[in-house]
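Model the full structure from these sequences, guided by the hints.
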Amino acid sequence: MSGAWLLDGVLLLAVPAIALASLLSRRILPALAAFVAYGLLLALVWMRLGAPDVALTEAAVGGGVTGVLLIGAAARLRMPEAEAPPGWPLRLLTALLSLGITAGLAVAVLALPEPAPSLAPQAAAQLAATQLGNPVAGVLLAFRAIDTLLEAVVLVIAVIGIWGMAPDGAWGGRPGPEQLRLAEGPVVLLAMLLPPIGIVFGIYLAWVGADAPGGAFQGGSILAAMWILAWLAGLVRPPRIDSLALRLLVVAGPALFMLVGLAGFVVADGFMAYPAAWTKPVILLVEAALTLSIAVALCLLVAGWPMRRARA
Amino acid sequence: MSTASAYGLLGAVLVGLGLYGVVLQAEPLRRILAFNLLGGGIFLLFGVMARRGAGAGFSGDPVPQAIVITGIVVAFAATALAVHLLLRLQVARDVPAPPEEPRA
Numbered sequence: 001m002s003g004a005w006l007l008d009g010v011l012l013l014a015v016p017a018i019a020l021a022s023l024l025s026r027r028i029l030p031a032l033a034a035f036v037a038y039g040l041l042l043a044l045v046w047m048r049l050g051a052p053d054v055a056l057t058e059a060a061v062g063g064g065v066t067g068v069l070l071i072g073a074a075a076r077l078r079m080p081e082a083e084a085p086p087g088w089p090l091r092l093l094t095a096l097l098s099l100g101i102t103a104g105l106a107v108a109v110l111a112l113p114e115p116a117p118s119l120a121p122q123a124a125a126q127l128a129a130t131q132l133g134n135p136v137a138g139v140l141l142a143f144r145a146i147d148t149l150l151e152a153v154v155l156v157i158a159v160i161g162i163w164g165m166a167p168d169g170a171w172g173g174r175p176g177p178e179q180l181r182l183a184e185g186p187v188v189l190l191a192m193l194l195p196p197i198g199i200v201f202g203i204y205l206a207w208v209g210a211d212a213p214g215g216a217f218q219g220g221s222i223l224a225a226m227w228i229l230a231w232l233a234g235l236v237r238p239p240r241i242d243s244l245a246l247r248l249l250v251v252a253g254p255a256l257f258m259l260v261g262l263a264g265f266v267v268a269d270g271f272m273a274y275p276a277a278w279t280k281p282v283i284l285l286v287e288a289a290l291t292l293s294i295a296v297a298l299c300l301l302v303a304g305w306p307m308r309r310a311r312a
Numbered sequence: 001m002s003t004a005s006a007y008g009l010l011g012a013v014l015v016g017l018g019l020y021g022v023v024l025q026a027e028p029l030r031r032i033l034a035f036n037l038l039g040g041g042i043f044l045l046f047g048v049m050a051r052r053g054a055g056a057g058f059s060g061d062p063v064p065q066a067i068v069i070t071g072i073v074v075a076f077a078a079t080a081l082a083v084h085l086l087l088r089l090q091v092a093r094d095v096p097a098p099p100e101e102p103r104a
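Residue numbers (full-length UniProt numbering), protein chains in the order written: chain L, 1 to 312; chain C, 1 to 104.
For the record, the hints were derived by calculation from the structure and aren't laboratory data.
Only a predicted model underlies this, so the values are computations on that prediction, with no experimental measurement involved.
Glycine is no exception: its CB is placed at the ideal position from the N, C-alpha and C atoms.
It is possible that part of the hints are untrue.
Unchecked claim - Coverage of chain C stretches by chain L, computed from C-beta distances (three or more under 8 Å per stretch; other residues unrestricted):
no., segment
1, 19–32
2, 36–45
3, 67–80
The structure is reproduced here in structure tokens:
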């Protein structure tokens, strides 16, 4: 037990320290490196809170893919001329505001009701009906399926929003910068060695998510990370955004999910209800399509908007 | 104090740090970074609620856990949108807008 206390103590000190380092670092790259470490430490915190599914998502999306996105942007952005730092009254006011909110949240955390309200018993009682072994997958794909559907749609909308930033004449071309800076050195070797392992692991995570920690988001983000690595190393190029196949891949998951939801009106009790005998196969099918669409959408969200005039 | 409460206080501290950064950082990319620090703290508060609701053989209430997974992915989508707007803005500044045609 003492080992667990030690781990808790280290995490409780290290996470705010690394967050502070990320905020206060003078240069942007160390700040971003601290942010990636922050994501990985938070993943450990999630393990300590008994949430391995969230830990996997935080490590892959919160730390990994977000980190790549921000570091890529930092390399391309010219940093503005250093402005005069805000005056002390504003800083004091902001510090007081932040402290007040932290204090309010702390009081709320300490005053939480006992026993804590929980939907765990209901989830446990209904989980058998879904034939899933992982309660989080049960919530994501059965009990609160509408949230997951909307979230998959949000990814599609974000992709459309980013594509919409294409300058005049570039619409339809390949997203992202033409020349990447990383296209040599050890990253190329890594990009050749890692994807075969990562792709198997990503598919495994998506598949095992029905009964153990994992699922469409976690598996999809590992798959996306493998493509992003190969892209950064200059081994693959993103397809043109007017490619029909690409667009179909982006919407396949949400579209299938929506169709299954609508079919619920006919063959089951209503929207997003599954016929009892088919629950697990339908969930697995939806999860497979979602994994694919999430992976493609995450890649496109990192790649960005087309920059060069498209050649027909 | 339970372990979950201690992590709840950590979440509260992270929200405060992130908020301070979002308000005061000058560079937009750093604001986006601080927004993600803030989000991490809010998700952590959800995780503490989930942990306290452990029961029925689960290590935490699966409902808030699932909502947080959704939240992390949506936060990423919002971050990506913001970052690409920033990159687009830089290009827009480099290329001056064409002079407006006089309207008839």
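With a Cβ-Cβ cutoff of 8 Å, does the segment 19–32 of chain C contain at least three residues near chain L? Coverage by chain L holds for the segment 19–32 of chain C (11 residues, Cβ < 8 Å).
How does the segment 67–80 of chain C fare against chain L when you require at least three residues with a CB closer than 8 Å, holds or violated? holds (count 13)
Whether chain L covers the segment 36–45 of chain C (at least 3 residues having a Cβ closer than 8 Å to its Cβ atoms): This one holds; 6 residues, not fewer than the three required, reach chain L with a Cβ under 8 Å.
Of the numbered hints given earlier, the model fails none.
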